[in-house]
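**Student:** Each chain, written out:
There are 2 protein chains.
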Amino acid sequence: MDKPANTLLNIHPIIKKRWSPRAFSAKAVDGRQLKRIFEAARWAPSSYNEQPWRFIVGRKGDATWDKLYECMVEFNQEWAGKAPVLLLAVGNTVSGKGKPNAVYQYDVGQSMAYITFQVETEEMVAHQMGGFSKEKAVALFDIPADHAPIAMMAIGYQDSPDVLKPDFADMERQPRVRKAMDELVFSDQFGKPASL
Amino acid sequence: MDKPANTLLNIHPIIKKRWSPRAFSAKAVDGRQLKRIFEAARWAPSSYNEQPWRFIVGRKGDATWDKLYECMVEFNQEWAGKAPVLLLAVGNTVSGKGKPNAVYQYDVGQSMAYITFQVETEEMVAHQMGGFSKEKAVALFDIPADHAPIAMMAIGYQDSPDVLKPDFADMERQPRVRKAMDELVFSDQFGKPASL
Numbered sequence: 779m780d781k782p783a784n785t786l787l788n789i790h791p792i793i794k795k796r797w798s799p800r801a802f803s804a805k806a807v808d809g810r811q812l813k814r815i816f817e818a819a820r821w822a823p824s825s826y827n828e829q830p831w832r833f834i835v836g837r838k839g840d841a842t843w844d845k846l847y848e849c850m851v852e853f854n855q856e857w858a859g860k861a862p863v864l865l866l867a868v869g870n871t872v873s874g875k876g877k878p879n880a881v882y883q884y885d886v887g888q889s890m891a892y893i894t895f896q897v898e899t900e901e902m903v904a905h906q907m908g909g910f911s912k913e914k915a916v917a918l919f920d921i922p923a924d925h926a927p928i929a930m931m932a933i934g935y936q937d938s939p940d941v942l943k944p945d946f947a948d949m950e951r952q953p954r955v956r957k958a959m960d961e962l963v964f965s966d967q968f969g970k971p972a973s974l
Numbered sequence: 779m780d781k782p783a784n785t786l787l788n789i790h791p792i793i794k795k796r797w798s799p800r801a802f803s804a805k806a807v808d809g810r811q812l813k814r815i816f817e818a819a820r821w822a823p824s825s826y827n828e829q830p831w832r833f834i835v836g837r838k839g840d841a842t843w844d845k846l847y848e849c850m851v852e853f854n855q856e857w858a859g860k861a862p863v864l865l866l867a868v869g870n871t872v873s874g875k876g877k878p879n880a881v882y883q884y885d886v887g888q889s890m891a892y893i894t895f896q897v898e899t900e901e902m903v904a905h906q907m908g909g910f911s912k913e914k915a916v917a918l919f920d921i922p923a924d925h926a927p928i929a930m931m932a933i934g935y936q937d938s939p940d941v942l943k944p945d946f947a948d949m950e951r952q953p954r955v956r957k958a959m960d961e962l963v964f965s966d967q968f969g970k971p972a973s974l
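Chains as they are written, first to last, in my numbering: chain U, 779 to 974; chain W, 779 to 974.
Do not rely on the hints blindly, as some may be mistaken.
Said to hold, decoys possible - Quick partial rundown of chain W residues pointing at chain U, CB under 8 Å, derived from the structure: (1) F853; (2) Q906; (3) P922; (4) H925.
Stated by the list, open to error - Which stretches of chain U does chain W cover? Using the computed rule of at least three CB atoms under 8 Å from a CB of chain W, they are: (5) 783-794; (6) 811-824; (7) 827-835; (8) 852-863; (9) 892-902; (10) 913-925; (11) 932-942.
Claimed, not checked - Calculated cross-link-like contacts (lysine-lysine; reagent style DSSO-like; alpha-carbon spacing at most 30 Å): (12) W/K912 - U/K970; (13) U/K795 - W/K912; (14) U/K794 - W/K794; (15) U/K860 - U/K875; (16) W/K957 - U/K970.
Worth flagging that the hints you see were computed from the coordinates, not collected in a lab. Note that CB positions come from ideal geometry on N, CA and C, so glycine has one too.
Produce the complete structure using the sequences and hints provided.
**Tutor:** This is the structure:
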């Protein structure tokens, strides 16, 4: 099922087609594809080139996948159990100079966006999740105190909404919505729509 | 000057070619391009579709550009003064349910990454900055207390490094470097390189 951005503007086709389905097929993702996906993340920009992004990746059938699955809230387990790849994005909260990095979350977000871009290039789909136990993740993967789990992502090939439980299938078929440009892009002062 | 990612992996050409130059030409950016750039940001994913991203955009010659320029530290003013477009990314720190949004920075980072993709699609370049006064930005743009300035960006057409002051020109010609994949992508436990 395609669900392109509802826009008349000629944005990049990958940005237009990308969305976050929950219906994954069992088809495996090969190692070369995963390498390209993480290579895309690696070349994202970051403040002072700190590259605060770290990724823990599991492939279905391995112990890492099982532990990542265990971290998720039940709501996400119900649909993400079929995804061939699960990953956890972790941020280095400390800069190379030993000071707190105020923008580590922002930069990890950029690298994850680069992952979504490469995932779409590979004709696959990704769905990010905030619903997981950070405490479990820290314990299960021995994440050090100066690093913080931020978000999880399921990656794989898309399947029909029909493979989902009815509630998820309904969500899958909902239209995609976004705030209006006027609510997001300002000039002069905050809240005043820019005239572009 | 091109400075593609030093990789043998076949990542998306936009991700491969994108970097963050400081040499901008005076050539203006038209409104249709700006609309597409923000439309790309608008369709980024976010936690619970909160869309915490807000943008304040100035075009050279207008009062918003002048105020954004005034927010920058001197180091950035020295090179960004030629950029035809400056923007400030602001995050809504509160979710629609009135609770703190723990991932607003992460999601604003994703939307800014989508902006970099669209900027490259438009054959332009972008350079992000953390070096600016958040206090000045809050004061000059009346940014409300539940919103936080995060990062600035210069957007425009690239020029030769020769237009920069010598120190910046030297930086412009430095090779791009990244941490090795083994330092970033783990399985089993944090810090243990994944074998992909």
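**Student:** Hint compliance check: list the failing hint numbers for this structure, sorted ascending.
**Tutor:** 1, 8, 11, 13, 15, 16
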